[in-house]
Every structure is written in C-alpha cells, then in structure tokens.
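Read top to bottom, the protein sequences are chains A and B.
For what it's worth, full-length UniProt numbering labels the leading residue of the first sequence as 1, then goes sequentially.
For what it's worth, full-length UniProt numbering labels the leading residue of the second sequence as 1, then goes sequentially.
Note that these hints are calculated values from the structure, not bench results.
Be a bit skeptical, because a hint or two may be false.
Below, simulated PhoX-like cross-link-like pairs (lysine-lysine); rule was C-alpha separation at most 25 Å, straight line [as the list claims (entries may be wrong)]:
hint : chain 1 : residue 1 : chain 2 : residue 2
1    : A       : Lys-329   : A       : Lys-90
2    : A       : Lys-262   : A       : Lys-220
3    : B       : Lys-7     : B       : Lys-329
4    : A       : Lys-40    : B       : Lys-7
5    : B       : Lys-329   : A       : Lys-244
6    : B       : Lys-7     : A       : Lys-7
7    : B       : Lys-90    : B       : Lys-244
8    : A       : Lys-329   : B       : Lys-244
9    : A       : Lys-244   : A       : Lys-262
10   : B       : Lys-297   : B       : Lys-208
11   : A       : Lys-207   : A       : Lys-244
12   : B       : Lys-262   : B       : Lys-220
Covered by chain A, according to a simulated footprint, are these stretches of chain B (three or more residues, beta-carbon under 8 Å) [unchecked claim]:
hint : region
13   : 192–198
14   : 253–259
No experiment lies behind these values; they were computed from the predicted model shown.
Note that CB positions come from ideal geometry on N, CA and C, so glycine has one too.
There are 2 protein chains.
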Amino acid sequence: MKLASLKHDRDGCLVVVSRDLKRYLPTDMTLQIALDNWDKIVPNLEALSSNVNRGQGTLFDERACDSPLPRAFQWADGSAYVNHVELVRKARNAEMPSSFWHDPLMYQGGSDSFLGPRDTILVADEAFGIDMEGEVAVVTSDVPMGASPREAAEAIRLIMLVNDVSLRGLIPGELAKGFGFFQSKPSSAFSPVCVTPDELGAAWDGKKLNLPLIVTYNGKPFGCANAGDNMVFDFPTLIAHAAKTRPLGSGTIVGSGTVSNKADDGTPGLPISEGGLGYSCIAEMRMVESLTYGEPKTPFMRFGDSVRIEMFNAEGHSIFGAIDQTVVKAV
Amino acid sequence: MKLASLKHDRDGCLVVVSRDLKRYLPTDMTLQIALDNWDKIVPNLEALSSNVNRGQGTLFDERACDSPLPRAFQWADGSAYVNHVELVRKARNAEMPSSFWHDPLMYQGGSDSFLGPRDTILVADEAFGIDMEGEVAVVTSDVPMGASPREAAEAIRLIMLVNDVSLRGLIPGELAKGFGFFQSKPSSAFSPVCVTPDELGAAWDGKKLNLPLIVTYNGKPFGCANAGDNMVFDFPTLIAHAAKTRPLGSGTIVGSGTVSNKADDGTPGLPISEGGLGYSCIAEMRMVESLTYGEPKTPFMRFGDSVRIEMFNAEGHSIFGAIDQTVVKAV
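So here's chain A without its partners, still in its complex pose (with noise of 0.2 Å):
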C-alpha cells in the first residue's frame, strides 16, 4: 500500500496512490488518524489501494503532496552509518568514541513545521552551511516503554525518504552547548509517497531497506549508497533505542541518519565521478576531499542550489517519489 498526504490545511488529505504513482483515490482523513486508528482503518485503506491497482482514481502529482505527516508528534534521528559519524566528526576535528559502534546516536528533531517534498528550503544566511542529508525513515505505531527489537520491528507501520536539511555551520557552536541540535536542523522534508513494508518486496528484511538511495545534486549524479549497507544499527534497534525510558506514539517517525557506504577495502568510498558510490550529504564529500587534497572543494550549498532524493524499484521504477528541493534566501 503507498499513502501520500495532498497539500490541505495543517495535516493534508490522505490519499492512496497506486503502485506505480500514477494515479490515487482520497480518503476523508489525515495519515495521523489513520496511525492512531490503523487496526480498524487499514481494510478500508487496503481495498482502495486495490481499487487504484486496478486502475481506478486520479492522475498523481508529486508536486501537490505535502509530507506524509505535514507535522508529526514525534521525529527521533538516529545516525546508524557510523561510517557517516565518522568522517563528519573527522571534519570537524572532534575525535569519534568508541562506544558510537554499539551504543546509537539519536536526536531529537523539531516535528511541527515540516516541508512538503517539492519546497523549497528557506535559509536566512549561505554562511549558516546548508546541506542535505538523505535518509530513510519508518513511521511506527504505539510502541510500549522498553519494547525489545523483536517488538520494535512489529511496530513499523510505514517507510519513506527525508532530506534532513542540515546547518553545518551551525553545528559545532550547538553541540559544544552540549544540549545538542536546534537551530543547526530546520525543517525537514519526507518523500511525496509512504509505503507498508510489503510494497518493499525482498528489498526489505524487516529491520533495513536494501536498495540504492539515490541523490542527485544540481542535476548531477551524487549519491548512490545502498541503505542497507553499513547500517550499524537497524530501524527495530533504533527504535528499541527511542522507547528505552518512556512509550512512543502512533505517528513517531525514526530516521536512519544519513546513508553512507564504505569502500569494499573499509576507507571512505569515492565520489561518482570516481567510480564511487558517492555521498547523500556534502559534509562527507568535503570529508574525502579533505583527505586528498588537503582541503574541502565541494561548497555547501547556495542559494539556487538543488538536491533530488529517490530510490528505485528492482524494475527501475521510482517507490517513493521524489524528493526535490531547492535553496532559497529568506527574506
């Protein structure tokens, strides 16, 4: 089933799309609603979803979706490509613990003003150090406190993609307060489409996505890491991980943290242009440039700047939609 929540009021319409996001049938609620009450709601979203299949509905168009959850109760983000960790903790000189192998990094995220997956990214200043982070998330139902993996993974309702825009220049100052990320994570913005696991097929293992997440910046190719590579820590440890001292609700979303894959001989994978996999942010990319040239090349992005994240079927075809968005000054 893949759900998608049409530009309306705070929450969106939730609408059901067909496999190949061509064409959706509306329902009268919103995806939270659907979360708090999925039990009862569920056939009635499974049997327009096999109306659509069928070909019944209206044209699709990514552009007028909001995020799946415009606004949620919850956003933890977890960083699970400690690989990731690594070479941006590298980049700013901070040494990484070796704890960060076996005991998750996870943040809090502000979950009230989202962006839809085709807006742009409001910054005030370039000099605040934009960058993207490409992601995959699960969306998950009442999870008790102290859930173990095991019940964590049944809990796993949805799944999709996220640009977590982040303010590298305002990371350092944020971290040293020791409180961790605020200003340095503005909104973030989720695929147009959300998915059950089913829809995944063998891609997903119930605890990773195995397929490519791909990241296009500036039209050029810039990322093709497989999600499922390198990730330290699954989506049922992450969650386990947020539910340790208190319960989460229907409606949480938890981040993967950004997709980063190693080389086959452990060293930081090179850049597309290189025959690598390249990245899904600039940090890293500036991270392996440093250790070449010496130096960082790539510049974080710029007004005018843009970055599409999507990930594609077996058959080439894309499962999320896409994510598309471009820098703008605010003003």
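We have chain A; now place chain B onto it with these hints.
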C-alpha cells in the same frame, strides 16, 4: 480564560474551567484544534469562560485531567535560569562556558507521550537517577522563522507549569555523545490547567511570570523560587531562539527550564529548612549539599516518592491546579 483537557482518547476533551477551578463547561474539540484556529474559536471559548465564571457548569476534578496538550507537535525546553545550569554542571564536574549567559540553552524534547498531571512516573530502574524539574511553560501560536522577541511575545497564547522529569544518571553519557538528551528525558507532565496571559494580572509582564513556584516533595516544602527572578532569558527571547532557522507550529510548547533563584548575596540559595527558597529539582539540592558538606545527602527519587508542583496567586488561590506525581517501578 482557563483551559484544561479531560482525559479522553489521545488528545483529550477541551474544557473551559472557572477561575476558582471549581467548575467546567465542555467543548467539542481538542486544545490543538483550538490553537490551530485560535482567532476564530476564541470568542466561543470566552463566552463559555464567562458562563462558567458566573456559576454554570459541572464539578471540575483535576484528577480527571490529562496534560492540556496530551501530545504536542513541539516541546522545546530552554534553560533560562542559568544559575541552575551552573549548579547542575558543577554537580557533574563540567565547566560552564561564559556564552551561556547570553546565548540561550535549549533542547528539543519528546512531545508524543506526555503524562497527565496526576499520572504516575513509571521508571524501570532507580539507578537512572530520577529527578523532577519544576518549570513554567508557554504555548504559542504559529511563529514565523526569524521572528524577533517582540513578535514572539505576541505569539504567546497560554501559560502552564511543567514537571520535566529527568533521569540524571543517564545524562552524562548522553551529553558526552554530543546529540543532546533523549533517554535521559522521559515523558514530561503539565499542570491540569493552562491559562491565557490576562488571567495572571500583574504577575505576568508579557515576558516572565513573577510568582513563586511551589514544589512539595513527599509532603514537605522543597522549593518556592520565584519564576520571575534570575530568569536570564525571558519567554519571548526563548521563542525567538527556537524560531531562528525554522517556523514554529501552533501549539509549540516552550519551557523555561528549572526555576532557580540565587540568594541575595549571589551564592546558591539555601534549602527551605534553613530559611531559603529551596529548589525546583533534587540535583540542585544535591549540589548545594556537596558545596556545604562535601557530598550530596538527598538521594534522587525512589519508587514511592512523590512531587507536587503548583503556583498560587496573590490571594492564595491555585492558578493552574497541581501537578502531583508518584514514582512507580515500571514492570
């Protein structure tokens, strides 16, 4: 106007409460819906308020209340009483940078699973270092990105109290990871009633609430620090800080951080038993004990311990009702 959410479904049933907290009149909506449509809905709520204050309505029972927003799209907690930050950091042998006096500390809190004001605090292990934090919080309307403190002041819709439950034993490890609090900040609880600024009269100056926060621990006076004193960053400043790089959605809750007063001579205040104003959390009591006796004497909360947090107007009447919670072992 005084508002509360009676326990009902996930988001409660919004009711309008009489000034003396004795009666209420129901509405057919949630507080979030009222906040999302404030200008349109507020005349209806004011009419109900007028009627309930003239004697209409049903008996109001604080114990039937959920938190005013049982779940919210944002809970951003400042640390405006820098005195408290300085003491808590001393207690964990961490230096406080001088920038803390002019750049607000703020963390993104979990907002998907708040506790009701009389709900038990479920914790798996006393070794987590269970503590209360008595605070004041405001609820905002939509705040545009880059709002000035003056604009932010106009967005304050409601004021309430908070128990920002903290697990002190988990904080050092989480802060060392650099991503801020997560497991160390379990679900917070809010006062039964939230109020519009006009209900506070001269005690609310548009920026701060100038009244003592009364904290009672296991039935004994523990703190009566004045929330208007030593608040280095007022609420408009905290809101503007939160809105620097992204807009805030209606229903955003911004907290003051643990209310904390210095003594007149600038030293940490004395416990109530020694004639001081006491504290709004145990960590601060322990720090003062460490300074005085070389080691903390008051343990963190144990299963069965209870805390009550409330505030009274000049006539001695409870403004918000009482948060009153007991710690219970999670099984």
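Original post:
Hint by hint, which ones does this structure get wrong, listed from lowest number up?
Top reply: 1, 6, 7, 9, 10, 13, 14
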